[in-house]
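Enquirer: The chain contents come next:
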Amino acid sequence: MVMSARIWKFGDDIDTDVLAPGRYMTAPIATLAAHCLENVRPEFAASVKQGDIVAAGANFGAGSSREQAVEALKYLGVVAIVAKSFAGIFYRNAINLGLPVLECAEADLLADGSMASLDIGSGKLQIAGHAEPVECTPIPDFLMAIIADGGLVTHLEKRFAGETAS
Amino acid sequence: MTAKPLTLAQKLIAKACGREVVNPSEIVIARVDLAMVHDSGGPRRVKPILDRLGRKVWDRARVVVITDHLVPAADDQSRAIQTLTRDWVASEGIDAFHDQMGICHVVLPEQGHLKPGMFVVGGDSHSPTGGAFGAYMFGIGATEMAGVLATGEIWLKVPETILIEWIGRLSEMVSAKDMMLRLCGELGLDGGKYQAVEYAGSAISALSMQERMTLANMTAELGGQVGLVAPDNITADYLHERGIDAGDTGQWRTDADAPVMARHTFDAGSLEPQVAAPHSPANAGPVGNYESIPVDVAYIGACTGAKLEDLRMAASVLRKGRLAPNVKLMVAPASRHDQKTAAEEGIMSVFENAGAEILPNACGICAGYGSSRLGENIRCISTTARNFRGRMGAASSSVYLASPYTVAASAIAGRIADPREFGGSM
Ligand code: SF4
Numbered sequence: 005m006v007m008s009a010r011i012w013k014f015g016d017d018i019d020t021d022v023l024a025p026g027r028y029m030t031a032p033i034a035t036l037a038a039h040c041l042e043n044v045r046p047e048f049a050a051s052v053k054q055g056d057i058v059a060a061g062a063n064f065g066a067g068s069s070r071e072q073a074v075e076a077l078k079y080l081g082v083v084a085i086v087a088k089s090f091a092g093i094f095y096r097n098a099i100n101l102g103l104p105v106l107e108c109a110e111a112d113l114l115a116d117g118s119m120a121s122l123d124i125g126s127g128k129l130q131i132a133g134h135a136e137p138v139e140c141t142p143i144p145d146f147l148m149a150i151i152a153d154g155g156l157v158t159h160l161e162k163r164f165a166g167e168t169a170s
Numbered sequence: 057m058t059a060k061p062l063t064l065a066q067k068l069i070a071k072a073c074g075r076e077v078v079n080p081s082e083i084v085i086a087r088v089d090l091a092m093v094h095d096s097g098g099p100r101r102v103k104p105i106l107d108r109l110g111r112k113v114w115d116r117a118r119v120v121v122i123t124d125h126l127v128p129a130a131d132d133q134s135r136a137i138q139t140l141t142r143d144w145v146a147s148e149g150i151d152a153f154h155d156q157m158g159i160c161h162v163v164l165p166e167q168g169h170l171k172p173g174m175f176v177v178g179g180d181s182h183s184p185t186g187g188a189f190g191a192y193m194f195g196i197g198a199t200e201m202a203g204v205l206a207t208g209e210i211w212l213k214v215p216e217t218i219l220i221e222w223i224g225r226l227s228e229m230v231s232a233k234d235m236m237l238r239l240c241g242e243l244g245l246d247g248g249k250y251q252a253v254e255y256a257g258s259a260i261s262a263l264s265m266q267e268r269m270t271l272a273n274m275t276a277e278l279g280g281q282v283g284l285v286a287p288d289n290i291t292a293d294y295l296h297e298r299g300i301d302a303g304d305t306g307q308w309r310t311d312a313d314a315p316v317m318a319r320h321t322f323d324a325g326s327l328e329p330q331v332a333a334p335h336s337p338a339n340a341g342p343v344g345n346y347e348s349i350p351v352d353v354a355y356i357g358a359c360t361g362a363k364l365e366d367l368r369m370a371a372s373v374l375r376k377g378r379l380a381p382n383v384k385l386m387v388a389p390a391s392r393h394d395q396k397t398a399a400e401e402g403i404m405s406v407f408e409n410a411g412a413e414i415l416p417n418a419c420g421i422c423a424g425y426g427s428s429r430l431g432e433n434i435r436c437i438s439t440t441a442r443n444f445r446g447r448m449g450a451a452s453s454s455v456y457l458a459s460p461y462t463v464a465a466s467a468i469a470g471r472i473a474d475p476r477e478f479g480g481s482m
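Chains A and B, in that order, give the protein sequences.
Just so you know, this note's numbering puts 78 at position 74 of the first sequence, and the rest follows in order with no gaps.
Just so you know, this note's numbering puts 394 at position 338 of the second sequence, and the rest follows in order with no gaps.
One or more hints might be untrue.
[Claimed, not checked] Here are a few chain B residues that face chain A, going by a calculated C-beta distance under 7 angstroms: (1) S81; (2) I83; (3) I105; (4) W114; (5) S181; (6) A198; (7) G424; (8) F444; (9) R445.
Rather than coming from a laboratory, the hints here were simulated on the basis of the structure.
All figures in this text were calculated on a predicted structure; none of them were measured in a lab.
Where a beta carbon is used, it is the ideal one built from N, C-alpha and C, also for glycine.
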């Protein structure tokens, strides 16, 4: 198994103001993303790579309904977020934008900087050097269908196409 | 056969699903009675998606558009967003457009768009405010909003109910804001677990509609999906003033034997004014814990803390003193309507005489927007709902959250102060 994803580990209550700071909210996503998480981890935006995973404690994405909090992470290449729990609106936004978000009771076991590989369907997260994978709660099928389509917009496009066809 | 006992949240969702009963944890599809969007998360973000889907809004009579975040437009980008918003409203034929009239969560009920029993989504995280009216209202992001606008429906996982009971009666100079800061301190930012929070008890029944709105509003900080108050005569009276018949409010309450996830009881009578220290609403404690901390700015603003009643509370304290020399007081009344009434009551002149800067009826620096943003190392005491790092300006600024009474008292004292020092209300 290739462990190509680096884990970026954050604490509890990471809020949408640090993910997508208000003063950049009218700026293009590239500008906004460059400031993603800078108030808690200044080097994050410049160092995170395509395919990396963000891990966190409880209530990730607390605060506003701004989708840019999800978009910024996606833009920077983050492919999944694993957290003890998510703030409700952030969770919905992530699903709607096709970014897998997995609840994981054992998120404390994930160390910053470790390399890992994640099977989104089963929720198994294999960490380099660990014998057993960390188990995340699998995403419900209803929501997996939206993620599998790449997000709500494509999901609806398919549905509407189906409605006209039938 | 007796009907299965249900919570208020379940009843509201069941109605929106066209069912008799819904059960916690099942994923259901609900029909939306009303969708509210604002300028920041609204047309500029939903229009491209609707265009791509080749759809117009599903029912133009069920959409409300309110501009409040990027007003008055401070730069070209914001101006372009406002123009786009107006053009979109016109092209969709939406009548309910409230342009620069105030903050969406305050304008929505003020303009008579909410009533008990409705199922409503808002493109903003403080949308639980609508729960004060016995409506199931929650916040969603822009893509999901585009989905609602295209289809008129939304999925949700039927929540459990967390019942929060406040018994007794609030003391003088203690308000709904203090109740919510106390709850954030006690239960944490995920205490609501994205379930339905319902507020009940004698101290809740005694609250006015705008105070109930403050409660429901800050359910966002508690991490609940909705924050509900069962409608009653106070609700019906508020609606009646706006020419709306509240209908049979008695049906919208949690049945006595309905199972709930948790029940917390708090004593309103012993609640003291609360302050939440930087950088989280959960860092809350009695005002006495913070009393020597000097402040540079006192901010009375936002949907949480600048409604008519909030302005009345602040003015009742400001009447009793002068602004401390080094404090800047800013007041951004939550709506044009509330500002007008406040002016008629002589409240706006209390602020003006105190030397306050009166800001537009908009989100302003609560949204980190505009030229009044907090500068480096500024310490602010604020009636807003959130004090996350950097939200209201520079990352080095710090924000203490408190009630309008406490913010006004602190503006006079030049440090965080207990409003009860200034005696009873006038
Ligand atoms: S006033 Fe603040 S909390 Fe209220 S809607 Fe505006 S930005 Fe959000």
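Enquirer: Please go over all the hints and tell whether each is borne out by the structure.
Expert: We went through each hint and held it up to the structure:
1. S81: violated (10 angstroms)
2. I83: Because about 5 angstroms separates I83/B from the closest Cβ in chain A, which is inside the 7 angstroms limit, the hint holds.
3. I105: holds (6 angstroms)
4. W114: For W114/B, the interface hint is violated, since the closest Cβ of chain A sits about 12 angstroms away, which is over 7 angstroms.
5. S181: holds (4 angstroms)
6. A198: holds (5 angstroms)
7. G424: holds (3 angstroms)
8. F444: holds (4 angstroms)
9. R445: At about 5 angstroms, which falls below the 7 angstroms cut-off, the nearest Cβ of chain A leaves the hint on R445/B intact, so it holds.
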